[in-house]
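Chains as they are written, first to last, in my numbering: chain A, 5 to 488; chain B, 1467 to 2099; chain C, 25 to 125; chain D, 6 to 170.
One or more hints might be untrue.
[Said to hold, decoys possible] Taking lysine-lysine pairs in the PhoX-like style, the calculated list, with each CA pair at most 25 angstroms apart, reads: (1) Lys-96(D) with Lys-124(C); (2) Lys-357(A) with Lys-112(C); (3) Lys-112(C) with Lys-160(A); (4) Lys-109(A) with Lys-356(A); (5) Lys-112(C) with Lys-124(C); (6) Lys-109(A) with Lys-357(A); (7) Lys-113(D) with Lys-204(A); (8) Lys-160(A) with Lys-124(C); (9) Lys-357(A) with Lys-124(C); (10) Lys-1908(B) with Lys-1837(B).
[Stated by the list, open to error] Not close to chain A: a few residues of chain D, all C-beta gaps over 12 angstroms, as computed: (11) Leu-12; (12) Ile-19; (13) Leu-39; (14) Phe-55; (15) Val-63; (16) Gly-66; (17) Val-70; (18) Phe-98; (19) Ser-101; (20) Thr-104; (21) Ala-136; (22) Phe-140; (23) Leu-144.
None of these hints come from the bench; they were simulated from the model.
Built from N, CA and C at the ideal position, the CB exists for glycine as well.
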Amino acid sequence: MSIDIPTICLTNIGPLITLSVAGLLLLLFDAFSGKAMKKAHFHQFSLVAVVIALLQTVWLWNRQTTDFSRMIYVDNFSFFFNVIFLLGTGISIILSVHYLENYRKNYGEYYALMLFAAVGMILMAAGGNLVIIFLGVEILSIPIYILSGLFREDLKSNEAALKYLLLGAFSSAFLLFGIAMLYGGTGTFYLADLAAFIKKSGMNGFTYVGMGLLIVGFGFKVSMAPFHMWTPDVYEGAPTSITAFMSVGTKAAAFAAFLRVFLEVFPTVRMEWDLLLWVAAVATMTVGNVTALAQTNIKRMLAYSSIAHAGYILVGLIAGNQLGATGILYYLLAYTIMNLGAFGVVIAVARKKDNYLNIYDYAGLGFQYPGLAAVMSVFLFSLVGMPPTAGFLGKFYLFSAAVEAGYIWLVIIAVINSLISVYYYLRITVIMYMQPAEADLGPVAMTPVVNATLIISALAVLLIGIFPGSIFQLAMNSVKIFGS
Amino acid sequence: MIQYVWLVPVFPLIGFLINGLLGKKISKNTVSLVGPGSVGLSFAWVLGCFWEYLHLPAKAKPVEVFVFNWITSGTFNAQAAFLVDPLSLVMLLVVSGVGFLIHIYSVGYMHDDPGYARYFSYLNLFVVNMLILVMANNFLLMFVGWEGVGLCSYLLIGYWYEKQSASDAGKKAFVVNRIGDFGFLLGIFLIFYTFGTVNFREVFAQAHNFPVGSAILTIITLCLFVGATGKSAQIPLYTWLPDAMEGPTPVSALIHAATMVTAGVYMVARCSALYVMAPISMTVVAVIGLATAFMAASIGLAQNDIKRVLAYSTVSQLGYMFLACGVGAFVAAIFHLMTHAFFKALLFLGSGSVIHGMHGEQDMRKMGALKNKMPITYAVMLVGTLAIAGIFPFAGFFSKDEILFKALTDGHVGYWAIASLGAMMTAFYMFRLIFMTFYGEKRWDHHVHPHESPPVMTIPLIILAILSTVGGFVGIPLIQGWNVFHEFLAPSIAHVAAGHEVHHSMTFEVMMMLVSMGVAGIGIFIAYKMYIKQPELPAQVTAKVPGLYDLIYNKYYVDEIYDATVVEPIKNGSVFLWQEADSKVIDGAVNGTASVVDRLSLVIRKLETGYVQNYALGILIGVAVITGYYLGR
Amino acid sequence: MEIPISYYLILSSALFAIGTVGVLIRRNAIIIFMSIEMMLNAVNLSLVAFSDLHRSIDGQMLVFFVMVVAAAEVAVGLALIYVIFRNKGNVYVDELNIMKW
Amino acid sequence: MQIIFFLLAATALISGIMVVIQVNPVRSALFLVLNFFALAAIYLLANAQFIAAIQIIVYAGAIMVLFLFVIMLLNLRQPEEGGAHRHLGQKIFGSSLATAVIALVIYKVFRMIVPPGKPLTPDFGSTEMVAKSLFTDYLLPFEMTSILLLVAVVGAVILARSKVE
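Start from the sequences, fold in the hints, and give me the full structure.
This is the structure in structure tokens:
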């Protein structure tokens, strides 16, 4: 019997290989190094891997092909997302080190799992086949389930992990059912073939159910209402560094897949999904913002805020045009930086072991730690969407895309929502600058590297808000693959 | 210099960075040098640009200075570029000039404040944003400035955050302004949707292609006007401004009188090309402006806090500016904006000087007889008051008279009548302020020792007083060719379609001027009667001529009747408007919305029960809705 | 004689429904897990049936991957349940609601 | 053929229902094993021999053993006490909703399937065919599953190892 092995170019999946190998090596080091290899080196090693993967991505830029018998796309869309993922992973690793040491959890496995999760994200963004996307979802999720439960002595962490795992598996079952339905209707898992089929023969019962259940599966991962309910509990209970990581990584990866599938496979039947997503987007934004108003735990507040942001990003998806897709890419990049920055400050202010997570623990921060308060303000302003930060422009791109596509009411609701959001974000600023500290809470948990990271992130938020040109060009260049 | 006009906001930006980042490390003197100095540099640069602009050939005007491409995409473009035209130059001069004076004044006023550097960094940041707002060549960049000034205003109102009322006021200003910003942002989106661009020049050029009164232009202009009502404190979004007086007084002068609150007027004038195509919006602008002017003036009648009187007066004067815009007299609006910036900044700084001298006392009932203790402050306040009352030849006379005149000729006789009544009330309450503060008996506590302020505060006052005196002469209305202001601004302003080219005789104009002066005179007279003459008269007369006591008593009785029939109802009405309409209806609406959202929040959060199976059920409901949507049809 | 594909699909969806109901009504986390496994198996059945329908092996390939995923999820899930049991003494999901609202 | 199918289907359904309604976790697990066996047999009917084999090896063999192991380890053999009626309304609503959704899908979609027309290749579903596909077209996902399994192993160890170092 003869087997035709398809031609494979390993450089096409360079970042994937780097991250996987680095993860494996980390596990080996952790197992065999004993005391010889100090724990301090794990994160440095993983950061090096992330940087190498980043360089590989940059080197691959503008390559446009498919590989592994069309299983993955090698295109700028996936590269752009790779940059987002790697940036998110890198910053999360930096934020983790000190935090974990306080808990004596600075395991090599931790970093290995993060790198594997990044592998899953990359697969989701690059997947040209529903099998790959499904596997990507799982390779991303399972490490995060584990990492959410990392503090196994802590019931909150246990609870977060179990809730996430149960609901994640439950929603995966629906996602899988959807994939099966699409396969049943069309006989293929390849996005390109699915697109061709639907363009030619339109929708049938199977593809309807399949499309609907894909919305469920991706909607769960991006925390779209009514699939968002896990978000606050999991974000609150998980270790803060993991909350930071998943708030940006999972969301970006799920949006990558969401965007790719819906703009590649279903653009011709837009009329069939835009109303559903319209309703979902409105519900998502409203639930996120309105509930965030009542929160006093900052992690929980940021969880609701991340739900709301999913709603804003959905606006771009509903618009479904080039500007919308570009806006999503730009926004996700901005969101990654600003949200991680905000979580970085949260980790620092929480001091040792998540002691101070209430928003009133931020009182007086503006005077005790002016630098920290200043960068936090930048991140919060950006989350609000205040000019001239990146968050403002991102929202502006998304909303103008929707206006361009004629969804005026959606934009009105989205703008009202971002007005509501001002209240709870600005409340933190007010507390930082306009309330005296009630007691001395001890020094914040900062290291020079974290300091530098936060400052660079804050500057980046301002910089790509004021000079968005080149980032926007790159993003636009990356979504050229979606016709229209 | 015009090519480098972008330096104008850069100077205060540098000031902001130095004071904001190094504030704690550098000495107070350095802060005092950097804060006002950076704005002074801006002002000097603006003057240079102004001079250069006057000598540019007509073909080269207006100048657009490209800085960088801010947003570029196939369908959407916005530049970071500055527009230098007569309108923005006037605004630049006002903002940087008055801003500079107020910065200098602040050096004295805030001298002992622990957050000295923080104060100047906020103030500098405000100037940066305000300059961006007036120089922007497109709506989006304008919005950047618009949000920025709102933020700084918020920070500065709540500057003394230890006071609960101050941080509440800051919050209120922020919430109310959000509503306005919503309108503005929506307007921008609609402009992009309609015209495919947000650049002023391109939008205004295309506006002529629409029929007059087209629905979309009406909606756009109304949305923009909602933005303007928020920023410029018009009905129904004006309640934040009186509360904003919790901030330091120079801030009230700069932000809540001279510059930021006029941004709405500037925006409407800037969009005159859109407004003239939307008569309905024009009417709305005029009516809201008129109603605000009247209502705020009547509330001002009964206020006892010196800054609140000025605050309501500001709301009222802004109403006049919108009235002018609404009847198509955009130039008159900008003219009044400019003179108002002079005299209202003067009045606020003057009141700040009084408060400073009175060790923080703001209640006019606890003042009186300060005329001799604070002669300079008294003199300049009197100039400001005469200017705002519209007495010839002070600045307010020309601008207010022009508005009243235009309201009559281009608007409606009803507009004119109500506006004149408002002007009378303005004259009344302003002189009431003067009389209560500087005349009469001293009513202050014995441990208060009023004193004149240091020169660093009085010199800006004197400069502003001079400007309030002569500032009106740039727009002398009667003689052809003397109205320099009109001719200068003309290129920036669109005109209402022909039909109003009726030339009024000079006699008519002069007559109207006399009428408006007369109206102001009546207001002053009533104030004089009630606050100077009346309290002293009975006592004096009884002592000297006991036989005439009955007569005087009777006269007093007449006054009592007059009080009961005229004064009390007005006063009560004023209090009613203030306490009921102002605090209950409008605040109630704002707070009500907030509490509805809050309560909604408490309800929605209950959905998040913590039970994992509820969440699973949520997912299942989503699945059911989606499959039902696809298969149930 | 051929079995109509729809039979498989109806059986598969019935099992899927039973699994869903199990997730919704049981308190014991382990049984909820079993129910999720049943849902995945139901999907596997329909994938096999579709594979038969289309005469393409792809459906069966996905079944293979689903099994791997299920195994991974179970391993992690049971480890978690074990940890929770050690901390709490039971594994009832309706007693896991420290975090809410 | 059809009779065999119906027998197997009935077994699968009944054992499935028993999994959900049994109060004793051990019994639930055993019924699940039965369910998996029935499904494996149905896979054989549907021309998926290889899948049928690994269904028994992986699912009924490995996964279910793991379940039973944990149940025994945690001594969860006793039936869950009380609490079943908690959130009863919600549970009834959820169950009816799930049934309704599935009924809708069956009614609207699954009824209309036409039987396949193409002839079957003799090796369809065989190990050889699966393997061929697995190492050509599905090479990347196959490799990626190794990461997935590694993650699961590492995760289980991190979570469940007894001592904190």
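Review point. Broken hints, numbered, in rising order?
Key: Of the numbered hints given earlier, those the structure breaks are 21, 22, 23, listed in rising order.
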